[in-house]
Amino acid sequence: MKSWLPYLVSELSGGGEPVLAQTLNGRDVRAAVLDRSGEVLAGDWRGTGLFRGARKFIVDMLPGEPLVAVAQGRRFLLEKQAGPASLAFWKEALEGQEEAWAAWLLTLATSRGEGDLKVARHILSACGPWTAPRLPGDEGEWSLLPLNAGLGRLFVFGDDDLALETAALGGRIGLKVTLVTVKPREAEAEGLRAIGAFNLLSFPDWKRLDPEAVSMLGLRTGVLILVTAADNEGFLPEIEKVEAGWLGLAGAAAPPGSEPGLFPMALTPAQKALGLITEMLGPGGPRT
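Counted from 1, the sequence shown has number 61 at position 71 by our numbering; the numbering is strictly sequential.
Since the hints were derived computationally from the structure, they do not count as laboratory data.
Beta carbons: idealized from backbone N, C-alpha and C, even for Gly.
The reader is advised that the hints may include incorrect statements.
Said to hold, decoys possible - Restraint-style ranges between C-beta atoms, simulated for each label pair: (1) -4 x 210: 19 to 29 Å; (2) 198 x 100: 34 to 44 Å; (3) 4 x 46: 21 to 31 Å; (4) 4 x 247: 51 to 61 Å; (5) 75 x 221: 43 to 53 Å; (6) 4 x 210: 29 to 39 Å; (7) 100 x 205: 42 to 52 Å.
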């Protein structure tokens, strides 16, 4: 099933008027893009026919005139999206999904009488993994829909087993991971992606990782950074300028006697990686 948010933005960019369906309240918060017959085109539901009962409303629905429907015991907010303002909002949501540590879509639905339903949506983004969104009070109905895994972004600079293991474990627990390396080791990386997904970015040598290249990586306030490459003198000063949520030098890059992680004396790279990830995500994780 296609991811609903990129699909919604694509449809709006092409001048379409897709219908967004999302649950209100409850723990099972989901969203989907529907066609005029109520069929799910993209989103969190794989079954067909869930919204067929609402298609008579969808056909005549105007943009900006939302309605609440009940299907399979759940309350859904349906609203047709259209126009430049809608496109700009959902582009912002997509940017939060792709770039923020954590991003949520907060939707407030308030009824002021028969047929008078007002909907307000907000994009909540966080710059660190310990930031919790402020939830609304009891007035009206609301939903808080996560737009991404919510743990943050991890950049690993290294070629060794520790770099690979940490990248895979970071991806496993929900971090968006980029492994920067000069020795891609494609076969081993592909095997470890079965544990957790991560992107592999290769440079010919570490000297090519100059200030301009570092700035192009997308490092920003709050990201997690692990360096295991011993040949780091050329790029480490640039990395240290970033207000990282956590910065660690491990493996061959670690100064004598000061390797980070909960298990610095571990015998295997996998155990060391576990200690590193645990320290990164611990409250107030130290900046090494």
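>> Need the list of violated hint numbers for this structure, in ascending order.
In response: 2
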